[in-house]
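Sequence lines, in order, name chains B and R. Residue numbers for the first sequence follow our numbering, beginning at 1 and rising by one. Residue numbers for the second sequence follow our numbering, beginning at 1 and rising by one.
Because the hints were derived from the structure by calculation, they are not lab data. Check each hint, because a few of them may be wrong.
Remember, identical chains collapse to one label, so a pair may be satisfied in a single copy or spanning two.
Derived DSS-like pairs (lysine-lysine); straight-line CA-CA distance at most 30 Å [as the list claims (entries may be wrong)]: (1) 151 <-> 237; (2) 294 <-> 151; (3) 237 <-> 294; (4) 214 <-> 294; (5) 135 <-> 237.
Protein chains: 2
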Amino acid sequence: MAIIETIPNVSEGRRPEVVERLVAAVRGTPGVRLLDYSSDASHNRSVLTLVGDGAPLKNAILALYETAVPAIDLRAHRGEHPRVGAVDVVPFVPIEGATMADCVALAHDVAAAVASRFGIPVYLYEEATNNPARKNLEDVRRGEFEGLAAKMTSPGWAPDFGPATPHETAGASVIGARMPLIAYNINLNTDRLDVARRIAAAIRHSSGGLRYVKAMGVMLEDRRVAQVSINLTNFQKTPIHRVFDLVAREAARYGVSILESEVIGLIPNAALVAAAEHYLQLERFGPAQILENKLRD
Amino acid sequence: MAIIETIPNVSEGRRPEVVERLVAAVRGTPGVRLLDYSSDASHNRSVLTLVGDGAPLKNAILALYETAVPAIDLRAHRGEHPRVGAVDVVPFVPIEGATMADCVALAHDVAAAVASRFGIPVYLYEEATNNPARKNLEDVRRGEFEGLAAKMTSPGWAPDFGPATPHETAGASVIGARMPLIAYNINLNTDRLDVARRIAAAIRHSSGGLRYVKAMGVMLEDRRVAQVSINLTNFQKTPIHRVFDLVAREAARYGVSILESEVIGLIPNAALVAAAEHYLQLERFGPAQILENKLRD
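Could you build the full structure based on these sequences and the hints that come with them?
So this is what it looks like as structure tokens:
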């Protein structure tokens, strides 16, 4: 059985009774495990994390729409976080025994079902689209729900599935496939925020750095430690050890060293194994040599 | 359910029909998985790898004795590998959800059963004994089957379980508990065997090096590469990255660098994660942050 992860983001984070019903809808779907959910009142948004095989996940996402669409009216929705839809974003992430191609196919299938069952326009994003204007979620969501009707009539912004106009209360949805994100911070042996900011600028894709790195410099005020705060969007193509080594080199330029690093939340085992392989200069090594994999064959 | 590994070594590697019956005996035990087995004709010895919870493993080992004892006569056994018994060595190794203490208790339980059912003297070794003279398998096995009767009457060599004299055809058994072994080789950017030998002497426990390292220098003749060939007997206390870094430092003393390293056979995932944590200077990290562990909770 394949394991795919989906992390639907729903535009409701203030009415606990609605969040409870959303959670109940996905929890009640056979073959799906709810790993986590959290709501943010200031964002007025909830994020759920589910895992399962493709078919059960599709059922769970459709059950989520079934509950969310009648319960959420974006015309009255206020919150700090940008959004275009009641069910705003649905990424599918390959975890085990599933490829990116499987997740792209699943995203297309779910997008078509959402459009036809609920009359909601759907944009595909990241790996699920070949359209460069739709690769980045931020680009698709720009203008938000309030600007959606105008955006949809502008050149290049017809949806991938569904009607050419927003759903009156539920707006549109952005559905796609992506690699697991790794939230990774590197703390520096300095309280100089400018150094952290320069390093972040050097390593991030948007200003000339590594392809799958987003980064910014921040200050941990309580510890007086400058931090390079990083999102790694594809750890297979931009491995964590390359980011670490590059930060160390850039820091040395300012006479600064690395104090420590930390993973926020979850990290795929393969990202850690790749780092071990790199530093230990392991050759002729494969995942079949990991004892736990052998046990689970 | 706990996962314990046991790797019984049996003194028969030339008669395939006997090996088949040994394999069938453990395979037929409910709750046990045979991961691997191999026979070596020059050693005249077979090694089986089984996993399961404690109680099924005990049944499998007793079934193995049931088949091996009548089939193997050590008085007629010849082979390059040292041995004292028909079933020569039985280590129990904690893998998942089991502690070393569990494996020590299992070793004692199995040793008592083997002694009483088959009338075979049993020595406990490694973690299963507090007797320093019996910690190392090589010390217990010294003198082999041929010297066993004399050894058993010498001071300090009464067995831990069973009769004070060898079993006529099956000799004695050595049963114990140990950490998983990691077979790990580091290849040097040189064809100087003396450098590999000096490094091996520097890092191994027996000549003043790291506590859980056995090492020797060998020559990969076909590649003209000198190799430090290592057995790591406790990767939690002597981690693989410390061995790698120490070899790199010692090699630098001779103007030599590390070409590559390799794991032979299986390695516990935790050994690789520990290396990643070390080189990435990860702090506040725990196994619950590994995505796959979360999925299997």
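Which of the listed hints are broken here?
-> Hints 1 and 2 not satisfied by this model.
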